[in-house]
Amino acid sequence: MAEPARAMGAHDHTVLEPYPVSRDARDDAALTDHLLSPIWTRSRAWWILFTVAGLLTLLFVFSATWTIAKGIGTWGNNIPVAWAFAITDFVWWIGIGHAGTFISAFLILLAQRWRASVNRLAEAMTLFALVNAGLFPLLHLGRPWFFYWLIPYPSTTRVWPNFRSALPWDVAAVATYFTVSLLFWYTGLVPDLATARDRAPGRIRRMIYGIFALGWRGAGRQWRQYRVVYIILAGLATPLVISVHSVVSLDFSIAQLPGWHSTIFPPYFVAGAIYSGLAMVLMLMLPVRRIFHLEDVITEQHLDRIAKLILATGLMLAYSYMCEAFIAWYSGDHFERYTYLFARPRGPYAWLYWVMTAANIVTPQLFWFARLRTNVVVLFLASVVIWAGMWMERFVIIVTSLNRDFLPSSWHLYAPSWVDWGLLVGSLGVFLLLFLAFLRWVPFVPVSEVKRLHFELRREEGPLSAGHEPPEERAVTRPRRVEEER
Amino acid sequence: MSIFSKRRRSSLLAEFASPEELARALEALRTAGYGELETYTPFDMPRTTPALGLRRPLLPWLVALAGLAGGITTYWIQWFANSWSYPLNVGGRPLHPVPAFIPATFEGTVLTAALVAFFGLFVSLRLPALWHPVFEIDGFERATVDRFWIEVGGVQSELDARQMRHIANEAGALRIVPLAMEDR
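Protein sequences appear in the order of chains V and H.
For the first sequence, our numbering assigns the number 1 to the initial residue and increments by one for each residue that follows.
For the second sequence, our numbering assigns the number 1001 to the initial residue and increments by one for each residue that follows.
Keep in mind that the hints were calculated from the coordinates and are not lab data.
Glycine included, every Cβ here is placed at the ideal spot set by N, Cα and C.
Be aware that a few hints might be false.
Stated by the list, open to error - Not close to chain V: a few residues of chain H, all C-beta gaps over 12 Å, as computed: (1) LEU1012; (2) ILE1072; (3) THR1105; (4) THR1112; (5) ALA1113; (6) ARG1142; (7) VAL1155; (8) GLN1156; (9) HIS1166; (10) ASN1169; (11) GLU1170; (12) ILE1176.
What the hints assert, rightly or not - Residues from chain V shown here face chain H by an in silico Cβ test under 10 Å; the list is partial: (13) TYR226; (14) ILE232; (15) ALA237; (16) PRO416.
Given only the sequences and the hints, what does the whole structure look like? Please build it.
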């Protein structure tokens, strides 16, 4: 009786989960040193990349300075296209940030083990993407030195921000999102900083990591309180994943412009945000995994799961695209119909629209195939395409809606200026600079979480189950063993 | 010797090479009636927590209260600014628009709760404290890498100590270190 049942179980197990969550056979000390080694070793490649990122950052600084000195008239924006590159970049960067919180907060509440080795990297991506996202609306203010007017504080003018507008909601949402992400990220980091302190070669690095570790000693009561707070912060960050891009989408959907005025926007934006962010997680994770030899802790399971998530969110996005067009047609509204059925697919930016549709709808369909979900080359290229496609999506939403609105006599084409390009390309440099600094100085694979995962995996294979099953059968039921024997 | 110290307190620390051995020793010490137990482990081991006999944490309640207070405050700020202090008539729209105040209220709730959770964690653990007596033990730095320690506090008599040593050795302790510390 028990025999077929077990065989069934084994079968199901390997079909649903063909890859192990970790294949690392190192003991805890060796694993710790392996995961920490990137922060102790110097490399020439890092310096070269860092220099490139630094130069691009200078481009950003230069373009931003130019903008502040001369005003936003240096951008390509003009009425009717009052929002263009800067808001596109803002929405794109903030969307990218969502995947990090999704992986680090959402997945811990869903008890997903594979998040253990990738959450720090994804969450760091969130933080750095948010830094970029915040800069664009700030520069768009025109007089960024008055940014504090966005904050309700008692001033002598007795004038307040208008909270009936969606823009102060954005301020609240983005500021909260960044703060909570930072706190959550740092909380997760403290035990690993303590490990770095205790493994640091040399007194100075020991002191620096010691200060940032705040005196963590891994005591039982510390871990208990830590666990409670970590889950609370995850619970608080999770609704932010949903709320932040919803609020951003309200900037558009509250306006009455055809192409913006739609109730589907919040879920559509959230799905698109996680979608683009997961693509960027892969873009960062694949090279990091290869360069630092992390294939044993970031396994095919991670790639497979992320690819499946990209497919799922990509389908949601495809549904949203279709729904938008259908509702525009079904509404019978001339302006809606014009925007969705003429201006976008056949207008002056039609090529962008079609490239975007191909990139965002066709590309993820590759991931129906199990073999492609673990093929690093396909994953990387698909991620780049999706990542760029999502930028185009934001551009299409913003610019094609604005450049042809209700009154044909006010139609006007938009073209970006060199400052627009400088800010966009420069922001990639800012991101890369921050990310490289992170890789160089911060333990980017959560050491203690991976060790705990290994401990749990060991316990599941432990003496209790070993007593009941003969070793050959264990090899069948445990995917980890299967992998080892291959 | 700090001038604030009132009495010297001694404890015994046992080092183990594996989490399994630590769990076994902890259970045995608990059964033998040792009350002041503490573990030092490189990663979180939730199953050993009950043996430490900790009270339920208050912090989650504090976080909930803070969230509530943050939400109410944020709502109040918006109402005060837009409906009371400087009511602005925009196209005849309501001066107290409840739905429009919801997004910022939500963000204020989450922000306050998260700040209290984060700072509450470190305040309740009395961190940052860059030094602790256990750091003086040679080789204790491996407690964040691959070694598992149990601290038995309140060891009153030689008999107690001998029994503790016996239990720890039985469970596979690598070594047992006495630690005298100032009671703060």
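Hint check against the structure, violated hint numbers in rising order: The structure breaks hints 3, 4, 5, 6, 16; every other hint is satisfied.
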